[in-house]
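*Asks:* Make a model of the complete structure from these sequences and hints.
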Amino acid sequence: MSNADQSTDVSEGSSGDEYAVSVPEGRGRDRDADGAASTIIESRDLSVWYNDNQALQSVSMEIPEKRVTAMVGPSGCGKSTYLRSINRMNDLIDAARVEGEMLFNGKNVYDDDVDPVALRRRIGMVFQQPNPFPKSIYDNVAYGLRLQDRTENLDEKVEEALRKAALWDEVKDQLDESGLDLSGGQQQRLCIARAIAVDPEVVLMDEPASALDPVATSKIEDLIDEMAEEYTVVIVTHNMQQAARISDKTAVFLTGGELVEFDDTEKVFENPENDRVEDYITGKFG
Amino acid sequence: MSGSYDGFGRVSRRIGKLFRGVLFASTLAGILTLAVLLVYVANDAFQPLTADPGWHLVFLLTLVVPTLATGWLSYRRSYGTLATGLLGIVMPGIAALYAGGLAALFIDVIPTLVWLSFVIALAIPAGVIVALRRTDRSVPFLAELSAVLGVTVGSLLVVPGLVQGLPTVPADWMVLVLTLGLPEAFLLGRWIEGRWGRRDGWIAGAAILVGSAVGGVVGMVSGFGAVPGVALTLFALVPTGLYAAIVVRERPDRRIGLLLPAVIVVGMVAGELLVGALGFAGPESWVDWSFLTSTTQSGDPRSVGIYSGIVGTILLMFVVAAIAVPAGVGAAVYLEEYAPNTRFTRIIDVNISNLAGVPSVVYGLLGLGLFVRYGGQPTGTLLVGGATLALLVFPIVIISAREAIRAVPDSARQASYGMGATRWQTVKNVVLPRAFPGILTGTILALSRAIGETAPLLVIGAAQVFGVPDSWTSTIGAMPLQLYVWASTYASPAFYTTVLAAGIVVLLTAMLSMNSIAIYVRNHYEQR
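Residue numbers (our numbering), protein chains in the order written: chain A, 1 to 286; chain B, 1 to 528.
What you were told as hints is all true, and nothing was included just to trick you.
When the alpha-carbon atoms are kept at most 25 Å apart in a straight line, the in silico SDA-like pairs for lysine to any residue are as follows:
| id | chain 1 | residue 1 | chain 2 | residue 2 |
| --- | --- | --- | --- | --- |
| 1 | B | 428 | A | 181 |
| 2 | A | 172 | B | 197 |
| 3 | A | 172 | B | 193 |
| 4 | A | 157 | B | 425 |
| 5 | A | 157 | B | 426 |
| 6 | A | 135 | B | 251 |
| 7 | A | 172 | A | 153 |
| 8 | A | 135 | B | 411 |
| 9 | A | 135 | B | 524 |
| 10 | A | 164 | B | 412 |
| 11 | A | 107 | A | 39 |
| 12 | B | 428 | B | 411 |
| 13 | B | 17 | B | 30 |
| 14 | A | 135 | B | 336 |
| 15 | B | 428 | A | 175 |
| 16 | A | 219 | A | 134 |
| 17 | A | 172 | B | 250 |
| 18 | A | 135 | B | 437 |
| 19 | A | 164 | A | 229 |
| 20 | A | 164 | A | 222 |
| 21 | A | 135 | B | 433 |
| 22 | A | 157 | B | 429 |
| 23 | A | 157 | A | 229 |
| 24 | A | 284 | A | 76 |
| 25 | A | 135 | B | 413 |
| 26 | A | 172 | B | 195 |
| 27 | B | 428 | A | 121 |
| 28 | A | 219 | B | 411 |
| 29 | A | 135 | B | 425 |
| 30 | A | 157 | A | 180 |
| 31 | A | 135 | B | 412 |
Here are a few chain B residues that sit away from chain A, every Cβ distance over 12 Å (derived from the structure):
| id | residue |
| --- | --- |
| 32 | 9 |
| 33 | 12 |
| 34 | 29 |
| 35 | 33 |
| 36 | 66 |
| 37 | 67 |
| 38 | 120 |
| 39 | 127 |
| 40 | 220 |
FYI, nobody ran anything at the bench for these hints, they're computed from the structure. Remember, it's a predicted structure, so these values are computed and weren't measured experimentally. Positions of the beta carbon are idealized from the N, C-alpha and C atoms, including for glycine.
*Replies:* Here it is, written out as structure tokens:
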């Protein structure tokens, strides 16, 4: 496990009755002034099974557009499963079965007429372990564009994506070198550049910083904050403080695949409605 | 407890020690037996003791001592330096071996004009594909596919006849320079351009092209032969020069390692000159030029040669690779990437492993039944033999290719699918490139298994063939068959200790060289 995870556990565990996690004030994105953002993703009674094990229990939630939505909860609570059911990555697992609806821009992505490949071109994904291809930095970023035959002005698009991922200045002289020669944090930002190069509407992040050191983690967090200007970000994290720092909305899943609380981040961390959530975020269990 | 030390006692290890001793002895027994046998065979084949003591002394001084000294110095510098030197001598040796095989192919089996006509016939559709890619992408897929297929079939039907009917015929070496030298110059030039810059790429490309032409002309004039001249230039000299250039430019710390191959070559030439000058007779080796190039078969070991076996084996390997590799790799990709996890695929899984263990004589009978009885082919031909051996290595290729594909980390596939890649795009862009070194290694090892197979070829009726094949449907021999015939039909004590040993050396050299390529490829890519 990474440093980030451990530090969370320690601070939460030692905090007693006080809330260990505080939500920072006065960040770039004003949470309330904008009013309610429109919903881009909505699940209705979504349940997922792996063979006979139910991983999600009829989860309903609305994810706002151009906001950061965090999903927290203990291991095995179904938060990653939920994330992967948004862009139908669960389809790749033979044993997975989905019931209920997952609406993206009002359309159920599990309808028969939805092509999961086309869907994934509009919903980008960043994984827990940085996984650049063993190709050059340039080819990594250009991968998605080439898949879609969008190769006009490729150089500019690659540069733009690397700039947005705050990586351009570090790699602009070594675009031909392998993406695997970068440091772990740089690799993860390369993966983010790869995901946003095709201009998706949503970027899903599955614990994107849990394999990184604290410095690299904070760079990724800054980046996520900026990304929310343009994209809807849905992020799964083990790290409570991270969720509090970067997200506008927080969903708390608890064991058994149950969504027990979903609200503004501030509300969830400072005044949760559900006692189990309060116990979880103050570190009494989980 | 009193607290005073009264001894822990001892635990007996007698049985353990005995067990260890037995294991060590059995290991040693196996390896030693093999080593003694190989020394015996090598002694029979090369007859080193028939040489003058002076001959040994000369080569000891010019070759062995300097080589050992240089090797030791390189090793003292670093292990990598020694490895660079060793590769510098082994690689050209193996490359020359294969260049020779290729030359034999063009001399005996494929007339250069026929080769040229088919290269042109295939270059035309390739050009059409490139042109279609470059220009309008809005051509519907099916129209594009049918156009390409149409051009390919039409060109294959018409062009070979046209080219072969030309009034003036280009010389052999011109054809090879055009069909092999030009692509090699282009590819290596591009590669060097990406590595060292535009100017060097052009220089290298031009040097390769001119060099191969010079090699052809020199070969023709000197009587060595135009075809081997071009082949050796393109596939032995050029790779060697490139290797030396890469070491000099990119690994200055290992530059000194190149001294080793230089010392060996100089030592051999100097030794040869000295021996000639001093009048020392060399060993009466059975592995000599006439043995390698003679096709004669008789009861007299002096006149016997293995040439037809060498050519037959090379051709068989071509046919085996052409059939077994695409089919085997294709099956592996299907089973790993596409097949659903059903009872049916699990049954296939188990059965492929079983097929790999089926005795080779059964494959021979299968080939006989399938291709000769039902297919109506004559016995013992190149195609039947190659197809039968392909059946034999097919499961091996599948298994090794599947292992290579399975070793591609799942995170790489996830990354590709997450970007909205289709399965085909993921296989093409991510899975196959990463699995390629492993697939190549497995394929070479499978071929090196096929190279030594005798039983299936005997069964399909290729036992008594000594001629050099001249077409795809002519009957064919192979190196292991040649050995079998010498050990049975011509069985006599004289044969056992002479040409048979020489044949074994040739066969093992071919096999070990293939294995060493496979091992090199595997290690090279594992370091990445």
